[in-house]
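2 protein chains.
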Amino acid sequence: MLIEIDFNSDEAIYVQLQNQIIMGIAMNLIREGDSLPSVRQLADTVGINMHTVNKAYAILKQEGFIQLDRRRGAVIAIDMDKARALLEMREQLQVLLARGRCKNISKEEVHALVDEIYEEYR
Amino acid sequence: MLIEIDFNSDEAIYVQLQNQIIMGIAMNLIREGDSLPSVRQLADTVGINMHTVNKAYAILKQEGFIQLDRRRGAVIAIDMDKARALLEMREQLQVLLARGRCKNISKEEVHALVDEIYEEYR
DNA sequence: AATTATGTTATAGTATGCCTATAACATAAG
DNA sequence: CTTATGTTATAGGCATACTATAACATAATT
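Which chain is which? The protein sequence lines are A and B, in order. Sequential numbering of the first sequence, starting at 44, is according to my numbering. Sequential numbering of the second sequence, starting at 44, is according to my numbering.
Just so you know, these hints were derived from the structure itself, not from any lab. These numbers were taken from a predicted model, which means no experiment stands behind them. Careful: at least some of the hints might be erroneous.
Identical chains blur together in the list; that is why a pair holds if it fits in one copy or across any two.
[Said to hold, decoys possible] Pairs of lysine-lysine, DSBU-like flavour, derived with a Cα cap of 30 Å:
(1) Lys-150 x Lys-125
(2) Lys-104 x Lys-125
(3) Lys-125 x Lys-98
(4) Lys-104 x Lys-150
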């Protein structure tokens, strides 16, 4: 799975790492049980510091996307706390949809966007 | 319109201001043409520095939600750049929905959430 | 047994962003 | 004339992001 960092982005590097890994799982590019590169290895190939990768992995672990194993490295392992996930999605959506609502984006247009994005999950 | 700041949040104060104002517009608590409190006034009632409010207002202006008038203060004035708004919403949704997808949140559940939130817009 | 690679932790330095504090200015309202 | 407005400038404290070294225990490899 290819990971690309935009060093000119205002988004923190470790956040970019998180998001790309999560999107990789959602799109089935990496699956439950697969291993991610080791902290040092990923840091090397991407060209960033070890600790930045370690931070991303630590948060992904805490949020229930991976588990860290000294033998196998970072392994995809989803902790299925759906209720919590729904609550967090609701909070984020409230802000996101409000912005769209101000710009006259209709409920139907949002649905269409959601459907488009879900098409990529196979 | 009531604005409340959580000083323990890891979200920047000026971002909290932005989001609450945008949600206020979306929910029709404040309407096109209405004025927001002045920079100094809002800073005073909320208990923060003038520049923090100024920063929030400046960004809201740049993003096309308000216009700043020396006579009337910050006036709600939506710049209807819908195409841009749709692009930005798409990018945000891609990250948000990927998180949900990993936690087994279905397309239908997202639609239900969207509908719930749109219910508040009247 | 020795070497290597792993996650983990510690310390320290630099850079950037957030928030505050003061101050000053031109302009419009009262 | 006074007051309140947005705007701009400078400066300091603080937290976060990223990097740089270093060290440690543990597991895999040789």
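Hint-by-hint comparison with the structure:
no., hint, verdict
1, Lys-150 x Lys-125, "both (24 Å within a copy, 14 Å between copies)"
2, Lys-104 x Lys-125, "within (16 Å within a copy, 37 Å between copies)"
3, Lys-125 x Lys-98, "within (24 Å within a copy, 37 Å between copies)"
4, Lys-104 x Lys-150, "between (34 Å within a copy, 25 Å between copies)"
Checked against the numbered hints given earlier, the structure satisfies every one of them.
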